[in-house]
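Asker: Given next are the chains, with one letter for each unit.
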Amino acid sequence: IAGITQAPTSQILAAGRRMTLRCTQDMRHNAMYWYRQDLGLGLRLIHYSNTAGTTGKGEVPDGYSVSRANTDDFPLTLASAVPSQTSVYFCASSDGPGSSTDTQYFGPGTRLTVL
Amino acid sequence: DQQVKQNSPSLSVQEGRISILNCDYTNSMFDYFLWYKKYPAEGPTFLISISSIKDKNEDGRFTVFLNKSAKHLSLHIVPSQPGDSAVYFCAASGTGAGSYQLTFGKGTKLSVIP
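Chains A and B, in that order, are what the protein sequence lines are.
For the first sequence, the numbering used here gives the first residue as 1, with consecutive numbering after it.
For the second sequence, the numbering used here gives the first residue as 116, with consecutive numbering after it.
Hint data in this document are derived by calculation from the structure and do not stem from the laboratory.
In this text the structure is predicted, and so the values were computed from the model without any measurement.
All C-beta atoms in this analysis are idealised placements derived from N, C-alpha and C, irrespective of residue type, glycine included.
Don't take every hint at face value.
Just so you have them, the derived chain A footprint on chain B, three or more residues with Cβ under 8 Å [to be verified]: (1) 146-159; (2) 217-229.
From chain B, some residues computed to sit far from chain A (all C-beta separations above 10 Å) [unchecked claim]: (3) Asn122; (4) Ser127; (5) Asp139; (6) Phe177; (7) Val193; (8) Asp199.
Construct the entire structure; sequences and hints are all you get.
Answerer: Laid out in C-alpha cells, this is it:
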C-alpha cells in the first residue's frame with residue numbers, strides 16, 4: 001500500500017506558467033487537503049475536500065485551485081505561478097469529516113521553485 | 116492571529132534525557148490535538164494524539180499531556196534518541212467549531228545530541 005503519492009517530487013517553474021501538482025491516495029479516505037510549508041510559518045492549509053465532488057478554501061487559497069472528481073485524486077493547480085508560491089507543498093488525506101478523532105496522513109511533498 | 120503556538124523554534128537535548136516540547140492554543144473550541152514529526156525532505160508523520168476528554172495519552176516513549184484550563188499541551192519523549200531529531204508540529208482541530216480542519220503550530224526543531 002503506497003498511501004499518498006505526490007508528483008512531481010520537485011519542479012522549477014518560470015513565473016506566469018501554469019502548473020498542476022498531483023496527489024493520489026489509495027486509502028479510500030473521504031477527505032483530502034493541500035498545505036504549503038514555508039520556513040518559519042509552519043503548515044498552512046490551501047484547499048481541502050471533505051468528499052469527492054466538493055472542495056473548500058483554506059487559510060491561503062489565493063492563486064490556487066483544486067478539483068475532486070473522484071475519491072483518490074486531488075490535483076492542485078497554479079494558474080499563473082508567481083515567485084511567492086515557491087514552497088514545499090504537501091497533500092494529506094483523512095477518514096473525515098465527521099470524526100472527532102480525525103487524523104491526517106501526509107504525502108512526501110513537492111518542492112516548487114518559481115523563478 | 117496564531118491559534119496554535121509553539122514558542123520554542125528549537126530544542127537541544129542529550130541522548131537518554133527527556134525531551135519536552137510545548138504547545139499553547141487560544142481557541143477554546145479545539146478538542147482534538149495531534150503531534151506530527153517531520154524529517155527533512157519527507158512529509159509529516161503522525162506521532163500521537165489526545166482528545167480533550169483525556170489529560171494524558173502514552174505510546175511507548177511518547178506521552179502527550181493536555182491541560183485544558185491552561186490551554187497547553189506538551190509532548191514528552193523519554194528516553195530521547197538521536198533518531199528523534201526532527202521538527203515536531205503541534206496541531207489542533209475543533210468539532211465544536213464546525214470544522215475538522217487542522218490548525219498547525221510553526222514547529223519546534225529537536226536535536227538529540229549523542
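Asker: Within the stretch 217-229 of chain B, is the number of residues with a Cβ closer than 8 Å to a Cβ of chain A three or more?
Answerer: Since 5 is at least three, the answer is holds.
Asker: Beyond 10 Å from chain A, beta-carbon-wise, is Asp139(B)?
Answerer: Fine: 14 Å to the nearest Cβ keeps Asp139(B) off the interface.
Asker: Is the Cβ of Ser127(B) farther than 10 Å from every Cβ of chain A?
Answerer: holds (19 Å)
Asker: Do at least three Cβ atoms from the stretch 146-159 of chain B come closer than 8 Å to Cβ atoms of chain A?
Answerer: holds (count 8)
Asker: Find the nearest Cβ of chain A to the Cβ of Val193(B) and say whether that gap is larger than 10 Å.
Answerer: Holds: least Cβ distance 23 Å, greater than 10 Å.
Asker: Measuring Cβ to Cβ, find out whether Asn122(B) lies farther than 10 Å from everything in chain A.
Answerer: The claim stands: Asn122(B) keeps its Cβ more than 10 Å from every Cβ of chain A (closest is about 13 Å).
Asker: Does Phe177(B) really sit off the interface, with its C-beta more than 10 Å from all C-beta atoms of chain A?
Answerer: Given that every Cβ of chain A is farther than 10 Å from that of Phe177(B), nearest at about 15 Å, it holds.
Asker: Per the stated criterion, does the least C-beta distance between Asp199(B) and chain A lie above 10 Å, as a non-interface residue requires?
Answerer: Per Cβ check, Asp199(B) is outside 10 Å of chain A; nearest 19 Å; holds.
Checked against the numbered hints given earlier, this structure breaks none of them.
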